[in-house]
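*Asks:* Chains as they are written, first to last, in our numbering: chain A, 13 to 125; chain B, 19 to 130.
Careful: at least some of the hints might be erroneous.
Sample of chain B residues at the chain A side, in silico, Cβ under 10 Å [to be verified]:
| # | residue |
| --- | --- |
| 1 | S45 |
| 2 | S49 |
| 3 | L61 |
| 4 | L106 |
| 5 | Q116 |
| 6 | T118 |
| 7 | P123 |
| 8 | L127 |
Keeping only pairs whose Cα atoms sit at most 20 Å apart, straight-line, the calculated EDC-like set for lysine to aspartate or glutamate is [to be verified]:
| # | chain 1 | residue 1 | chain 2 | residue 2 |
| --- | --- | --- | --- | --- |
| 9 | B | K75 | A | E41 |
| 10 | B | K75 | B | E93 |
| 11 | A | K82 | A | E41 |
| 12 | A | K67 | B | E117 |
| 13 | B | K75 | B | D103 |
| 14 | A | K82 | A | E64 |
| 15 | A | K85 | A | E64 |
| 16 | A | K82 | B | E117 |
| 17 | A | K90 | A | E27 |
Sample of chain A residues lacking proximity to chain B, with all beta carbon distances greater than 12 Å (derived) [said to hold, decoys possible]:
| # | residue |
| --- | --- |
| 18 | Q18 |
| 19 | D38 |
| 20 | T39 |
| 21 | S40 |
| 22 | Q69 |
| 23 | T72 |
| 24 | R75 |
| 25 | N79 |
| 26 | Q81 |
| 27 | K90 |
| 28 | G97 |
| 29 | G110 |
| 30 | L113 |
| 31 | V123 |
No wet-lab data here; the hints were simulated from the structure.
This structure is a prediction, so every number in the text was calculated from the model and none was measured.
All C-beta atoms in this analysis are idealised placements derived from N, C-alpha and C, irrespective of residue type, glycine included.
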Amino acid sequence: AQTVTQSQPEMSVQEAETVTLSCTYDTSENNYYLFWYKQPPSRQMILVIRQEAYKQQNATENRFSVNFQKAAKSFSLKISDSQLGDTAMYFCAFTSQGGKLIFGQGTELSVKP
Amino acid sequence: KAGVTQTPRYLIKTRGQQVTLSCSPISGHRSVSWYQQTPGQGLQFLFEYFSETQRNKGNFPGRFSGRQFSNSRSEMNVSTLELGDSALYLCASLGTPQETQYFGPGTRLLVL
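Given the sequences, and given the hints that come with them, work out the whole structure.
*Replies:* As structure tokens, this is what we get:
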């Protein structure tokens, strides 16, 4: 069975600092996609960043970047220059079948002024 | 393009009733997936519809069902509601870049 594990239920960071959220997954598939979603208090699920497993280059989106280690099945999210608006629940997600995402349990990130 | 829309946004029902939730995907998207989010179980996949056919199904009882119309709008139905069905129900449509799902704002269901 495919699983996604986020081992940090809660994290906090000072504004303008850098924070890294961890995610590991388990799959026997070779082709798949990984995502980080953000869910602020409004509960709207917002795509932060995506990574195709066949690409060795780590994805980046402005202040957000990932460290994708395929052999280790690790997919961490780094947030640079943290902002108050980054406060949210962050979910790591996996799919090998487009319409079916498997989510981790989430990491609640607090950015403190 | 307009995003994924879900109606209603909030619902209160009593045990034993049934409920129907609606989801309209982003224009041009043909796949719609449904998820249940609860504090205890987290985010769980319910089912996916593509071109009016169920393409994937999660591990939920038969009380949970869905359908998709020719315009890609989807509905999910929960019959004989139980207290444990209280949750945020999220709908997502699949688009580009490849295999990327975009979520609606969700429907909060409270079962009393």
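*Asks:* If a hint holds in the structure, say so; if it does not, say that too.
*Replies:* Now for the hints, and whether the structure bears them out:
1. Taking 10 Å as the C-beta contact cut-off toward chain A, the hint placing S45/B at the interface is violated, the least distance being around 18 Å.
2. Against a cut-off of 10 Å between C-beta atoms, the interface hint on S49/B holds, since the closest Cβ of chain A lies about 5 Å away.
3. Among the interface hints, the one on L61/B holds; its C-beta lies about 4 Å from the nearest C-beta in chain A, closer than the 10 Å criterion.
4. Satisfaction of the interface hint for L106/B is found here, the shortest Cβ-Cβ separation to chain A being roughly 6 Å, below the 10 Å cut-off.
5. About 8 Å separates the beta-carbon of Q116/B from the nearest beta-carbon of chain A, less than 10 Å, and the hint is met.
6. Hint status for T118/B relative to chain A: holds, with the closest Cβ pair at about 6 Å, below 10 Å.
7. A hinted interface residue such as P123/B counts as satisfied when its beta carbon comes closer than 10 Å to some beta carbon of chain A; here the least separation is about 5 Å, so the hint holds.
8. A distance limit of 10 Å between C-beta atoms decides the matter here; for L127/B the minimum to chain A is near 13 Å, and the interface restraint is violated.
9. In summary, the hint linking K75/B to E41/A is supported, as the alpha carbons are separated by about 19 Å, within the 20 Å threshold.
10. Distance restraint check for K75/B and E93/B: the Cα-Cα separation of roughly 15 Å lies within the 20 Å cut-off, and the hinted pair is therefore satisfied.
11. Between K82/A and E41/A, the direct Cα distance comes to roughly 11 Å. Compliance with the 20 Å bound is thereby established for this hinted pair.
12. Straight-line distance between C-alpha atoms of K67/A and E117/B comes to about 15 Å, which keeps the hinted pair within the 20 Å bound.
13. Distance check on the hinted pair: K75/B and D103/B sit about 17 Å apart at the alpha-carbon level, within 20 Å; holds.
14. At roughly 10 Å between alpha-carbon atoms, K82/A and E64/A fall within 20 Å of each other, so this suggested pair holds.
15. About 13 Å separates the Cα atoms of K85/A and E64/A, which keeps this hinted pair within 20 Å; it holds.
16. Distance check on the hinted pair: K82/A and E117/B sit about 18 Å apart at the alpha-carbon level, within 20 Å; holds.
17. The suggested pairing of K90/A with E27/A holds, with an alpha-carbon distance near 14 Å, which does not exceed 20 Å.
18. Its closest Cβ contact with chain B, about 10 Å, brings Q18/A to no more than 12 Å, contrary to its assignment away from the interface.
19. Every CB of chain B lies more than 12 Å from the CB of D38/A, the least distance being 16 Å, so the non-interface label holds.
20. With a least CB separation of 14 Å from chain B, T39/A remains clear of the 12 Å interface cut-off, as annotated.
21. Taking the minimum C-beta to C-beta distance to chain B, about 18 Å, the non-interface status of S40/A holds against the 12 Å cut.
22. Distance to chain B confirms Q69/A as a non-interface residue, since its nearest Cβ pair spans about 14 Å, more than 12 Å.
23. Every Cβ of chain B is farther than 12 Å from the Cβ of T72/A; the closest lies at roughly 14 Å, confirming the non-interface assignment.
24. With 12 Å as the threshold on Cβ separation, the claim that R75/A sits away from chain B holds: the shortest Cβ distance comes to roughly 20 Å.
25. Listed as a non-interface residue, N79/A keeps its Cβ farther than 12 Å from every Cβ of chain B; the least gap is roughly 20 Å.
26. Interface exclusion of Q81/A from chain B stands, the closest Cβ pair being 20 Å apart, more than 12 Å.
27. Its beta-carbon lying about 20 Å from the closest one in chain B, K90/A satisfies the requirement of being farther than 12 Å from that chain.
28. Annotated as non-interface, G97/A keeps its C-beta farther than 12 Å from every C-beta of chain B; the closest such distance is 18 Å.
29. Residue placement check: G110/A does not keep its beta carbon more than 12 Å from all beta carbons of chain B (closest about 4 Å).
30. Distance check on L113/A: its Cβ comes as close as 6 Å (rounded) to a Cβ of chain B, failing to clear the 12 Å threshold; non-interface status is violated.
31. Chain B leaves V123/A outside its interface by the beta-carbon criterion, the shortest separation being 22 Å against a cut-off of 12 Å.
Against the hints set out earlier in the document, violations occur for numbers 1, 8, 18, 29 and 30.
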